[in-house]
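Asker: Between the sequences and the hints, there should be enough to build the whole structure, so can you do that?
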Amino acid sequence: MLEIKGLHADVDGTEILKGIDLSIGEGEVHAIMGPNGSGKSTLSYVLSGRDGYNVTAGSITYRGRDLSELNTEERAAEGIFLGFQYPVELPGVSSTTFLKTALNAVRRHRGEEELDAVQFMKRLRVHTKALNISDDMLRRGVNVGFSGGEKKRNEILQMALLEPYFAVLDETDSGLDIDALKVVAEGVNALRGPKRSMLVITHYQRLLDYIVPDYVHVLAHGRIARSGGKELALELEEKGYGEFVAGTEAA
Amino acid sequence: MSYTSETAEQVSSIAGDKYKYGFVTDIETEMAPKGLNEDIVRFISAKKNEPEWMLQWRLRAYERWLGMDEPVWAKVDYPEIDFQDAYYYSAPKSMEDGPQSLDEVDPELLRTYEKLGIPLHEQAMLAGVAVDAVFDSVSVATTFRKELAKAGVIFCPISEAVQEHPELVQKYMGSVVPYSDNYYATLNSAVFTDGSFVYIPKGVRCPMELSTYFRINQANTGQFERTLIIADEGSYVSYLEGCTAPQRDEHQLHAAVVELVLMDDAEIKYSTVQNWYPGDENGKGGIYNFVTKRAACRGRNSKVSWTQVETGSAVTWKYPSCILQGDNSVGEFYSVAITNNLQQADTGTKMIHIGENTSSTIIAKGISAGRSQSTYRGLVRMQPGAKGGRNYTQCDSLLIGDKCGAHTVPYIENRNRTAQIEHEATTAKISEDQLFYCRQRGLSDEEALSMIVNGFCKQVLQELPMEFAVEAQKLVGISLEGSVG
Ligand SMILES: Nc1ncnc2c1ncn2[C@@H]1O[C@H](COP(=O)(O)OP(=O)(O)OP(=O)(O)O)[C@@H](O)[C@H]1O
Ligand SMILES: [Mg+2]
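Protein sequence lines, in the order shown, are assigned to chains A and B.
In terms of this note's numbering, the first sequence is residues 1 to 251.
In terms of this note's numbering, the second sequence is residues 1001 to 1485.
Treat the hints loosely; a few may be bogus.
[To be verified] Far from chain A by the CB rule (all over 10 angstroms, computed), these chain B residues:
1) 1207
2) 1421
3) 1452
[Unchecked claim] If you want the footprint, here are the derived chain B segments under chain A, 3+ residues with CB under 8 angstroms:
4) 1431-1437
5) 1453-1461
Read the hints as simulated data drawn from the structure, not as lab findings.
Glycine is no exception: its CB is placed at the ideal position from the N, C-alpha and C atoms.
Answerer: The following block contains the structure:
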């Protein structure tokens, strides 16, 4: 699904990612943990092709294609989804309009027929029900006045609608109360499947009780400092990142 | 950053470069000699076969205009206009004898309006919208007149109203915007050529939207139209106005006057989508749009609502205003002004509160891109008698790129202790975060931008009647907003 090799990337001239190797197979869920400022969100932006995030060395191959050939919206249409750590507000743009426009843009790209209002609403209803998203939220501007938890649920709603092949969820669990966490995790688990892979960024092993990962990686100083199975998360919870933040250049 | 220049490019393609109304209609025309003098005023009056009182009114205006100076207080900058270097009357030749029905209208003219998306022949007419089409100096067709007449509504070219309803015209023309009002309004009073006239009788809710479509075709021709709408007691009308012009290298002057009169309990909703040719990316060509629009809420509980979407013109100078004289009368002003390239817009409103418990709302959205300048200029005045008067003003500016400017110039005069005035203003830059968020969901740059800008304008666009909203949304560069949910 995704093959990252020797990836270096800088932001505004500062190198943030300093040689990342990561391979994510079809249907796998990988978790990335790591101290603040270690480059987790940066990695998600690089994967999404955000302007200003420049790959200086290495490569990213996604479903057999070199990602550098694709711009942000092409990557999105090809099935890369980013659940934002800080979802952005779009005042005056109703969520319904936004979601329909996005879904139809992606469908157009995939050569599928666009959905009309009725077909779209039908589909939307299924997901809003499951994620406990009110009509009032859909009518309001995208993320405008949403609570932290509502914003995160809205990200999962978008993921569910857009049906990506590869989803990066950047701290989707932060700011969620325990009930919302379960709802979000259920939403994510419902999307797990043999053809879909995920990269879940989190600070808390708690999330991984609900979304059980196949692999856990620690990102520190722009590199994968350690990888392991789901028990690594438990160990980190216990010991913290001490051994990684010390600044020792792990091989 | 790269996104800003890219963004600016997209906006230019939305707001300016692809001006699709820039074609010229090749049609035989009759024109007055070039220049402006008393004889031209007489020529126009004679062409319209006007009664003596109308001619005298024009001549008084012309006399007055000679002694006036062009206003310079607006934040717009343009070379001096040579008023002798323009034509003040241009009419399609085929209109000479006046067509009796649409069948007699030059097919070339009908095709022009069709290209503009305004079909005038009966089969293809917009459902529920009566249209008056003004081509250069004359009205070429007014549709649905019979249906309107049944309801007692008068909707006709103003030149015809002068002939057919002189008592109404004499009573109300100039009663809201006197011929001596300001430089451009005075010029208009001397040389106005056509426009629309509307009278809604007592207690009548106009059965359909009324619409006037203005088109400047001839080169070097000024357009000076005049619109007069009278809403009698308890009546209601929604009126739409659209404007386009061919793409030409020289500037053209458009100086219109609109007067609205409202009696007790009357309501007028006046909507404009102004898309005059804005000039090219170097500021070559484009319309100078100097317009005086004013509503007099004379009756108690009367209500007037101005909604405007201004995307065109090289220079815009326009302040649709409300004189809230009747107790409890209400004035509203909803505006979107988009400027790009070298366009300049100085626009806003005046709310003059005279009666008790009068209230007004101002929502102004300015979007500036390229090297354009956009100014909101608004006056809110509470007269001593405006007991319990209320105003709420909200001005939001959105900047795209870093070479454009947005300015807010509020004038607030409160002479009544019980009156309340609230003013809020914001300025924002279009954010890269927002664009990235949209693009990550699969929207192209262009779709993302149009969605964000459209969201920014929503409060205003939702005030437009359905028939116009679509056109306006496209103009703003929108794709789907409002079509679901
Ligand atoms: N535009 C920028 N210019 C320079 N440095 C930047 C820029 N953007 C981010 N950084 C830096 O890059 C580093 C990595 O940031 P990033 O947001 O990827 O961290 P993170 O691992 O997601 O942290 P957190 O757990 O707090 O979300 C930080 O030190 C940050 O200050
Ligand atoms: Mg982060």
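Asker: Say whether it holds or is violated: residue 1207 of chain B keeps its Cβ farther than 10 angstroms from all Cβ of chain A.
Answerer: Per Cβ check, residue 1207 of chain B is outside 10 angstroms of chain A; nearest 29 angstroms; holds.
Asker: Taking 8 angstroms as the Cβ threshold, is the statement that the segment 1431-1437 of chain B is covered by chain A upheld or broken by the three-residue rule?
Answerer: holds (count 6)
Asker: Is the Cβ of residue 1421 of chain B farther than 10 angstroms from every Cβ of chain A?
Answerer: With a cut-off of 10 angstroms, residue 1421 of chain B remains clear of chain A, as the shortest Cβ separation is near 25 angstroms.
Asker: Just double-check residue 1452 of chain B for me: nearest Cβ-Cβ distance to chain A has to come out over 10 angstroms.
Answerer: violated (6 angstroms)
Asker: Do three or more residues from the segment 1453-1461 of chain B put their C-beta atoms closer than 8 angstroms to C-beta atoms of chain A?
Answerer: holds (count 6)
Going through the hint list in order, the structure does not satisfy hint 3, though it satisfies all others.
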